[in-house]
Amino acid sequence: MAFSRARRNLIAELGAHAILLTFTVIALFPVLLVLINSLKTKKAIFRAPLAPPDAETFDLIGYATVLAQGNFPLYFWNSLFVTLGSLFLVLLLGAMAAFALSEYRFPFNRFVALYMALGIMVPIRLGTVGILNLMVATGLVNTHWALILVYTAQGLPLSIFILSEFMAVVSKDLKAAGRIDGLSEYAIFFRLVLPLVRPAMATVAVFTMIPIWNDLWFPLILAPAEETKTLTLGAQVFVGQFVSNWNAILAAMALAIVPVLILYLIFSRQLIRGITAGAVK
Amino acid sequence: MGGKPQKKPFPWHIPVFLAPAVLIYTLVMILPLAETLRLSFFQRDPVSQASFYVGFANYARLFFDPFWVGPFFNALGNNLYFFVIHMLVQNPIGILIAALLSMTHLPGKKFYRTAIFLPTLLSFVVVGFVWKLMLSPLWGVSKDMMSSVGLGHLFMPFLGKEETALTTLSLISVWQFVGIPMMLIYAALLSIPDEVIEAAECDGVTGLSQFFKIKLPLILPTVGIISILTFVGNFNAFDLIYTTQGPLAGPNFSTDLLGTILYRTFYGQQTQPGDPNMGAAIATVMFFIILAGVAVYLFVIQRKLTRYEM
Numbered sequence: 002m003a004f005s006r007a008r009r010n011l012i013a014e015l016g017a018h019a020i021l022l023t024f025t026v027i028a029l030f031p032v033l034l035v036l037i038n039s040l041k042t043k044k045a046i047f048r049a050p051l052a053p054p055d056a057e058t059f060d061l062i063g064y065a066t067v068l069a070q071g072n073f074p075l076y077f078w079n080s081l082f083v084t085l086g087s088l089f090l091v092l093l094l095g096a097m098a099a100f101a102l103s104e105y106r107f108p109f110n111r112f113v114a115l116y117m118a119l120g121i122m123v124p125i126r127l128g129t130v131g132i133l134n135l136m137v138a139t140g141l142v143n144t145h146w147a148l149i150l151v152y153t154a155q156g157l158p159l160s161i162f163i164l165s166e167f168m169a170v171v172s173k174d175l176k177a178a179g180r181i182d183g184l185s186e187y188a189i190f191f192r193l194v195l196p197l198v199r200p201a202m203a204t205v206a207v208f209t210m211i212p213i214w215n216d217l218w219f220p221l222i223l224a225p226a227e228e229t230k231t232l233t234l235g236a237q238v239f240v241g242q243f244v245s246n247w248n249a250i251l252a253a254m255a256l257a258i259v260p261v262l263i264l265y266l267i268f269s270r271q272l273i274r275g276i277t278a279g280a281v282k
Numbered sequence: 193m194g195g196k197p198q199k200k201p202f203p204w205h206i207p208v209f210l211a212p213a214v215l216i217y218t219l220v221m222i223l224p225l226a227e228t229l230r231l232s233f234f235q236r237d238p239v240s241q242a243s244f245y246v247g248f249a250n251y252a253r254l255f256f257d258p259f260w261v262g263p264f265f266n267a268l269g270n271n272l273y274f275f276v277i278h279m280l281v282q283n284p285i286g287i288l289i290a291a292l293l294s295m296t297h298l299p300g301k302k303f304y305r306t307a308i309f310l311p312t313l314l315s316f317v318v319v320g321f322v323w324k325l326m327l328s329p330l331w332g333v334s335k336d337m338m339s340s341v342g343l344g345h346l347f348m349p350f351l352g353k354e355e356t357a358l359t360t361l362s363l364i365s366v367w368q369f370v371g372i373p374m375m376l377i378y379a380a381l382l383s384i385p386d387e388v389i390e391a392a393e394c395d396g397v398t399g400l401s402q403f404f405k406i407k408l409p410l411i412l413p414t415v416g417i418i419s420i421l422t423f424v425g426n427f428n429a430f431d432l433i434y435t436t437q438g439p440l441a442g443p444n445f446s447t448d449l450l451g452t453i454l455y456r457t458f459y460g461q462q463t464q465p466g467d468p469n470m471g472a473a474i475a476t477v478m479f480f481i482i483l484a485g486v487a488v489y490l491f492v493i494q495r496k497l498t499r500y501e502m
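Residue numbers (the working numbering), protein chains in the order written: chain A, 2 to 282; chain B, 193 to 502.
Bound conformation, chain A alone (with noise of 0.2 Å):
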């Protein structure tokens, strides 16, 4: 009997291995392929596209395209500075706003939390034509700032709904502790509680970050010129231009991979946490 069941349970362990790595290979097998043959010739891509560069097929042409054509580094920081402004003013107005519907009784309280938790289900972008007004309006278009404060005000209302629920649960006789010792209101928020829901700020930022990085539509409509192009849009107009030329499009995308593969990997381990939070036993 008890040897059955151990025998039935690595019966069960080598079916469980067997489908996931099944998956594993699927959702890896794309990235690798364009990883190996953005290092090859194009004779080579051709040729063999799934084996692995060698010393005859190494060759980095695409690269060497991709980095005399476009404006790869300029794309790149423009990706950064939106997406690092807007995760700044997420966090901290976020966080702001969360203290004080967690921390306060004031009238219209409920209603306020409620209004701003609206934005979580309703996506920004079915008030594209509101907002390219509104830009158009205050000459924000082709700015930084149109993405910023269109990405800031996308980013809230999750970032106030997951941080209020941390911040309730902060130590009400620390908050106390603090006011009799004459802290100022800001000074409790930014010296005792702000450090305590770091981890919360953590989750947050992984979940704000993600689709600011990636996204196309409001680049493609509010800030299509060549200074303000982010990554992503730089490399789909580039994979436009240049169809044809597989070395340039493989580096191209092996280059919008490689940062977010490093990241992955220096972060996964807290963005794995994050996602589990409140999970783990």
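I should point out that these hints are in silico values taken from the structure, not numbers from a laboratory. Each residue gets a CB set at the ideal place from its N, CA and C atoms; glycine is no exception. Among the clues, some could well be false.
[To be verified] Listed below are the simulated DSS-like cross-link pairs for lysine-lysine, each with C-alpha atoms no more than 30 Å apart in a straight line: (1) A/Lys44 with B/Lys324; (2) A/Lys176 with B/Lys200; (3) B/Lys324 with B/Lys335; (4) B/Lys200 with A/Lys173; (5) A/Lys43 with B/Lys335; (6) B/Lys353 with B/Lys324; (7) B/Lys302 with B/Lys405; (8) B/Lys301 with B/Lys405; (9) A/Lys44 with B/Lys335; (10) A/Lys43 with B/Lys353; (11) B/Lys324 with A/Lys43; (12) B/Lys353 with B/Lys335; (13) A/Lys44 with B/Lys353; (14) B/Lys496 with B/Lys405.
[Unchecked claim] Sample of chain A residues lacking proximity to chain B, with all beta carbon distances greater than 10 Å (derived): (15) Phe59; (16) Tyr64; (17) Leu81; (18) Leu85; (19) Gly86; (20) Arg111; (21) His145; (22) Glu166; (23) Val171; (24) Asp174; (25) Ala177; (26) Arg192; (27) Ala203; (28) Glu228; (29) Asn246; (30) Gln271.
[To be verified] Stretch-level coverage of chain B by chain A, calculated; a stretch enters the list once three of its residues show a Cβ under 8 Å from a Cβ in chain A: (31) 305–319; (32) 462–475.
Place chain B on chain A using the hints.
Leaving out everything else, chain B in the frame of chain A:
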């Protein structure tokens, strides 16, 4: 209220904390949404460019004018199909992977988890083009791979044929996003207390029947949240179609979604100038579709789900 003498000074810190977030959110999100709604009731004179009120005329055109009806309902139908594929493929696979990952003592689960979540982080431009290259008959990667398992005769330019393009794109999107249901379900499964599982095992409920009888009912609220997230995301989709098929959502509009028709209406296409007012009408319809989905979730699905205190 304002005139009442107060002992405490007005708590200025509350508006200081609250105002920046509320202002940006209101100015950049809520007012433009309201403005979009308003614009959908106006139309522009083609000559003088003057805006005038037309009531529900834009909506009437969208639903009854043959020029709009076909494309609009085509996009709506495609969008529903796109959503159904996600519900039938993405979410069950996500649940399956999460269930396997939550098996105790499974070595290598961190590796699997990390790898399967990776595509979620890639931008649509990368995802779209990588798959476009892989499925391209020019390169032949997928043809060779299908031939190696004896399915070579089934190969066709999946993204280039009207019958297969939308299914292919839906599956690409599933490939990209399956990590999200996987993670959320995995987290939900982890939060089931050990005692519940132990009690089930004492009663001889193990393996598959344990999953379906004990665990699945406990994680149904999470499945509900995933469904509504999928719904909102799918009815808002645009990027993947735009990067692989272009704004015309070819071949022959077979992959047109509400997002792409909104983009084309707003910006115009070869033969037809952009029409922000019609675009606003389409955006408003999308808004109400999403709102209806969220309402169904909040008032029907969520209420029927039993939540177990854990």
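Hint check results:
Taking the CA atoms of lysine 44 of chain A and lysine 324 of chain B, the gap is about 19 Å. The hint holds against a cut of 30 Å. Taking the CA atoms of lysine 176 of chain A and lysine 200 of chain B, the gap is near 19 Å; set against the 30 Å cutoff, the hint holds. At most 30 Å may separate the alpha-carbon atoms for a hinted pair to count; lysine 324 of chain B and lysine 335 of chain B meet this at roughly 13 Å. Distance hint between lysine 200 of chain B and lysine 173 of chain A is fulfilled; the C-alpha atoms sit about 21 Å from each other, no more than 30 Å.
Taking the CA atoms of lysine 43 of chain A and lysine 335 of chain B, the gap is near 19 Å; set against the 30 Å cutoff, the hint holds. At roughly 13 Å between alpha-carbon atoms, lysine 353 of chain B and lysine 324 of chain B fall within 30 Å of each other, so this suggested pair holds. The hinted pair formed by lysine 302 of chain B and lysine 405 of chain B meets the criterion: a straight-line CA distance of about 27 Å does not exceed 30 Å. As the CA atoms of lysine 301 of chain B and lysine 405 of chain B are separated by approximately 24 Å, the hinted pair is consistent with the 30 Å bound.
Simply put, lysine 44 of chain A and lysine 335 of chain B have alpha-carbon atoms about 18 Å apart, close enough for the 30 Å limit, and the pair holds. For the given pair, lysine 43 of chain A sits about 27 Å from lysine 353 of chain B by alpha-carbon distance, which is consistent with the 30 Å threshold. A C-alpha spacing of about 18 Å is found between lysine 324 of chain B and lysine 43 of chain A, which places the hinted pair at or below 30 Å, so the restraint holds. The suggested pairing of lysine 353 of chain B with lysine 335 of chain B holds, with an alpha-carbon distance near 16 Å, which does not exceed 30 Å.
Note on lysine 44 of chain A and lysine 353 of chain B: the hinted pairing holds, with a Cα-Cα distance of about 28 Å set against a maximum of 30 Å. For the given pair, lysine 496 of chain B sits about 18 Å from lysine 405 of chain B by alpha-carbon distance, which is consistent with the 30 Å threshold. The Cβ of phenylalanine 59 of chain A sits about 19 Å from the closest Cβ of chain B, beyond the 10 Å cut-off, so the non-interface label holds. Residue-level check passed: tyrosine 64 of chain A sits 16 Å from the nearest beta carbon of chain B, beyond 10 Å.
Remark: the non-interface label on leucine 81 of chain A is consistent with the geometry, its nearest Cβ contact in chain B lying 14 Å away (cut-off 10 Å). With a closest Cβ-Cβ approach of about 17 Å to chain B, leucine 85 of chain A is found to remain outside the 10 Å limit, as its non-interface label requires. Chain B leaves glycine 86 of chain A outside its interface by the beta-carbon criterion, the shortest separation being 13 Å against a cut-off of 10 Å. Its beta-carbon lying about 13 Å from the closest one in chain B, arginine 111 of chain A satisfies the requirement of being farther than 10 Å from that chain.
Every CB of chain B is more than 10 Å from the CB of histidine 145 of chain A (nearest about 14 Å), matching its label as outside the interface. The beta carbon of glutamate 166 of chain A is kept farther than 10 Å from every beta carbon of chain B, the shortest such distance being approximately 15 Å. The claim that valine 171 of chain A is not at the interface with chain B holds, since no C-beta of that chain comes within 10 Å of its own (minimum 15 Å). The Cβ of aspartate 174 of chain A lies farther than 10 Å from every Cβ of chain B, with a closest approach of about 20 Å, so its non-interface assignment holds.
The beta carbon of alanine 177 of chain A is kept farther than 10 Å from every beta carbon of chain B, the shortest such distance being approximately 16 Å. With 10 Å as the threshold on Cβ separation, the claim that arginine 192 of chain A sits away from chain B holds: the shortest Cβ distance comes to roughly 14 Å. At roughly 16 Å from the closest C-beta of chain B, the C-beta of alanine 203 of chain A stays outside 10 Å, upholding its exclusion from the interface. The beta carbon of glutamate 228 of chain A sits about 20 Å from the closest Cβ of chain B, which is more than 10 Å, so the claim that it is off the interface holds.
Annotated as non-interface, asparagine 246 of chain A keeps its C-beta farther than 10 Å from every C-beta of chain B; the closest such distance is 12 Å. The beta carbon of glutamine 271 of chain A is kept farther than 10 Å from every beta carbon of chain B, the shortest such distance being approximately 12 Å. Given as covered by chain A, the region 305–319 of chain B passes the check, having 14 residues with a CB less than 8 Å from a CB of that chain where 3 are the minimum. Under the rule that three or more residues need a Cβ within less than 8 Å of chain A, the assignment of the region 462–475 of chain B holds, with 4 such residues.
This entry satisfies every hint, going by the numbered hints stated previously.
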